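Protein sequence lines, in the order shown, are assigned to chains A and B. Mapping of the first sequence onto the numbering used here: position 70 corresponds to residue 70, and the numbering continues sequentially without gaps. Mapping of the second sequence onto the numbering used here: position 10 corresponds to residue 1010, and the numbering continues sequentially without gaps.
Warning: the hint list may mix true and false statements.
Said to hold, decoys possible - List time: in silico EDC-like cross-link candidates among lysine to aspartate or glutamate, alpha-carbon distance up to 16 Å:
#: 1; chain 1: A; residue 1: Lys11; chain 2: A; residue 2: Glu28
#: 2; chain 1: A; residue 1: Lys11; chain 2: A; residue 2: Asp107
#: 3; chain 1: B; residue 1: Lys1099; chain 2: A; residue 2: Asp107
#: 4; chain 1: B; residue 1: Lys1099; chain 2: A; residue 2: Glu56
#: 5; chain 1: A; residue 1: Lys71; chain 2: A; residue 2: Glu44
#: 6; chain 1: B; residue 1: Lys1069; chain 2: B; residue 2: Glu1015
Please keep in mind that the hints were generated in silico from the structure rather than gathered at the bench. Every value quoted in this text rests on a predicted model; they were computed, and no experiment measured them.
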Amino acid sequence: DTGVSQNPRHKITKRGQNVTFRCDPISEHNRLYWYRQTLGQGPEFLTYFQNEAQLEKSRLLSDRFSAERPKGSFSTLEIQRTEQGDSAMYLCASSSGTGNQPQHFGDGTRLSIL
Amino acid sequence: SQQGEEDPQALSIQEGENATMNCSYKTSINNLQWYRQNSGRGLVHLILIRSNEREKHSGRLRVTLDTSKKSSSLLITASRAADTASYFCATDPTSGTYKYIFGTGTRLKVLA
C-alpha cells in the first residue's frame, strides 16, 4: 500500500491557462473521488468514479472542469481557462468498493492563479 | 453546500487534557467518519462509525453517534502536541448519492 499519490503538489499559473492534475489511487481501490478545499473550509465534493465510470458530478464542476479515469486506474482533473476563484487545494481520495469503507486521501495539489 | 457543522470551530488546550469536538448533520446517513488534517497535507482517516452503532473506540479516540439528534462527537483523551490539526466529520448519506459531505472542521491546538 503506497498510498494515494497526487502530482504536481503545487501549480502556479496565470489566469486563462489550462491546468491538469493527476491522481494515482491505491492500486486495488475501484472508487476514486475528487474534492476541492479552500482555506478554512472542509473538502467539497467534485466528482466520483467507480472504475472508469464517472457516476456523479457536483454542480461545482462547471463546463471548464473535466475529469477522466481511463482504464479505471489513475485519474486526471483538467481545468480550462482558469479563473481566480479556482485557486484552492484539489484533493483526490480512493476507497475499496465494498461499502462503508474509509477514504484514503492524497496530499493534494495546491493551485494558485495569478 | 456542506451539511456537516463542527463545533467548536477552534479549540486550544494544554497537553494531557481531553478534547471534545462535535458534528451535526442534516440527513439520514449510512455512516459517519472522522478525519484529521495537518496543515498543507491531505486528510487522514481516524474512525468510521456505522449508523447502527452508538459508540466506537480506537486508541485515545472515542466517537459517539446519535442518529436521533443527527450528531456525533469525537473525544481525544490525554492529548499530545502532535494532535494539533484540523478535524473533520464526513457523512455518507443514504439518499443514493456517492457524495460524502464534509463539515467545516474544528481547528485543535494542543499546547506543550
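Tested hints:
{"no.": "1", "hint": "Lys11/A with Glu28/A", "result": "violated, 28 Å"}
{"no.": "2", "hint": "Lys11/A with Asp107/A", "result": "holds, 13 Å"}
{"no.": "3", "hint": "Lys1099/B with Asp107/A", "result": "violated, 20 Å"}
{"no.": "4", "hint": "Lys1099/B with Glu56/A", "result": "holds, 8 Å"}
{"no.": "5", "hint": "Lys71/A with Glu44/A", "result": "violated, 25 Å"}
{"no.": "6", "hint": "Lys1069/B with Glu1015/B", "result": "violated, 31 Å"}
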